[in-house]
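Asker: The chain contents come next:
Number of protein chains: 4
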Amino acid sequence: MYGYAMNKKDLQDRLRRIEGQVRGVQRMVEDDKYCIDILTQLNSVTAAIRAVGIGLLDGHVRHCVRESIESGEGDEKIQELVAAVARFAGK
Amino acid sequence: MYGYAMNKKDLQDRLRRIEGQVRGVQRMVEDDKYCIDILTQLNSVTAAIRAVGIGLLDGHVRHCVRESIESGEGDEKIQELVAAVARFAGK
Amino acid sequence: MYGYAMNKKDLQDRLRRIEGQVRGVQRMVEDDKYCIDILTQLNSVTAAIRAVGIGLLDGHVRHCVRESIESGEGDEKIQELVAAVARFAGK
Amino acid sequence: MYGYAMNKKDLQDRLRRIEGQVRGVQRMVEDDKYCIDILTQLNSVTAAIRAVGIGLLDGHVRHCVRESIESGEGDEKIQELVAAVARFAGK
Numbered sequence: 002m003y004g005y006a007m008n009k010k011d012l013q014d015r016l017r018r019i020e021g022q023v024r025g026v027q028r029m030v031e032d033d034k035y036c037i038d039i040l041t042q043l044n045s046v047t048a049a050i051r052a053v054g055i056g057l058l059d060g061h062v063r064h065c066v067r068e069s070i071e072s073g074e075g076d077e078k079i080q081e082l083v084a085a086v087a088r089f090a091g092k
Numbered sequence: 002m003y004g005y006a007m008n009k010k011d012l013q014d015r016l017r018r019i020e021g022q023v024r025g026v027q028r029m030v031e032d033d034k035y036c037i038d039i040l041t042q043l044n045s046v047t048a049a050i051r052a053v054g055i056g057l058l059d060g061h062v063r064h065c066v067r068e069s070i071e072s073g074e075g076d077e078k079i080q081e082l083v084a085a086v087a088r089f090a091g092k
Numbered sequence: 002m003y004g005y006a007m008n009k010k011d012l013q014d015r016l017r018r019i020e021g022q023v024r025g026v027q028r029m030v031e032d033d034k035y036c037i038d039i040l041t042q043l044n045s046v047t048a049a050i051r052a053v054g055i056g057l058l059d060g061h062v063r064h065c066v067r068e069s070i071e072s073g074e075g076d077e078k079i080q081e082l083v084a085a086v087a088r089f090a091g092k
Numbered sequence: 002m003y004g005y006a007m008n009k010k011d012l013q014d015r016l017r018r019i020e021g022q023v024r025g026v027q028r029m030v031e032d033d034k035y036c037i038d039i040l041t042q043l044n045s046v047t048a049a050i051r052a053v054g055i056g057l058l059d060g061h062v063r064h065c066v067r068e069s070i071e072s073g074e075g076d077e078k079i080q081e082l083v084a085a086v087a088r089f090a091g092k
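Residue numbers (this note's numbering), protein chains in the order written: chain A, 2 to 92; chain B, 2 to 92; chain C, 2 to 92; chain D, 2 to 92.
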């Protein structure tokens, strides 16, 4: 019962599109496409994944984090959130 | 009156160290040090800046965002937070 | 006839594994898994994609860029390479 | 005697500007500016550092890497370059 800011259908659509992009990259490798073009395609996969991640974080803050703060116990959720942002922000 | 999770003194110490690192890089360039070594040094500046950014976000969520949620008006703050995370996570 | 440093089979194996990871994320969303866990999984997809990108860049420099330098016409390839690194390094 | 693609003066000017930006962030913290605004400023420091890094890589490929390839011993330089790109691209 987690609330993603992108709704579940949106998320799934985006993930299916990402899956398709990854298959497209496989075909590019199969067809010996030019490395730089494959790399460009990989960048757009990464950007699409990042957008999904931001959507998830958005929903997470709007729902889980907000609710735990409203019920007076946000500390742990906030700590977990910031750690997740640190990993997501790369590292 | 914003509360940074790293306290103000911590933050300032880190920022001064970052300033010192940047001056160190200037000396490396001045002394014609090897590019790859300079690049390594730049990476550690970036990592130090990222750590400050995470500390700021941490304080921001713990204070501003939490308080605005507690007073029943978190929406705008949450939206602003997620946009900031998206930019910080690098775009 | 491009030479990837990871050989073609390696690359394809990795890309298929990435495709599988993306499908795994779809199942996590389907099953209403916890946002932070999904995000962790997305981070590992991103890391896997980055590894493929590095493998591609490696092969590209070892083959295309090297050969164009050896034949005395590296300028354009070098410019293209650095632009690709800039985009890959995330802008 | 390393050749940076940005010339030495360019690099130093940029690094001095970055140093000034970092001092600006210190003043923002000193003056209790809003966290999100400080974070925005940090992002622009990071972007400026990244631009310097790209300039360094550019010069490195155009000079060191190219010359070592031309003299028939590019292998080690290429390996070092790709490792540096991997770290620069974040990890």
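Source of the hints: derived by calculation from the structure; they are not laboratory data. Careful, some of the hints might be misleading.
Each pair may be met inside one copy or between any two copies, as identical chains are not told apart.
[To be verified] Straight-line alpha carbon distances no greater than 27 Å define the calculated BS3-like cross-link-like pairs of lysine-lysine that follow:
hint, residue 1, residue 2
1, Lys10, Lys78
2, Lys78, Lys9
3, Lys78, Lys34
4, Lys34, Lys9
5, Lys10, Lys34
Asker: Against this structure, judge whether each hint is valid.
Answerer: Here is how each hint holds up against the structure:
{"no.": "1", "hint": "Lys10 to Lys78", "result": "both (26 Å within a copy, 26 Å between copies)"}
{"no.": "2", "hint": "Lys78 to Lys9", "result": "both (22 Å within a copy, 24 Å between copies)"}
{"no.": "3", "hint": "Lys78 to Lys34", "result": "between (45 Å within a copy, 16 Å between copies)"}
{"no.": "4", "hint": "Lys34 to Lys9", "result": "between (35 Å within a copy, 11 Å between copies)"}
{"no.": "5", "hint": "Lys10 to Lys34", "result": "between (33 Å within a copy, 15 Å between copies)"}
Of the numbered hints listed earlier, not one is contradicted by the structure.
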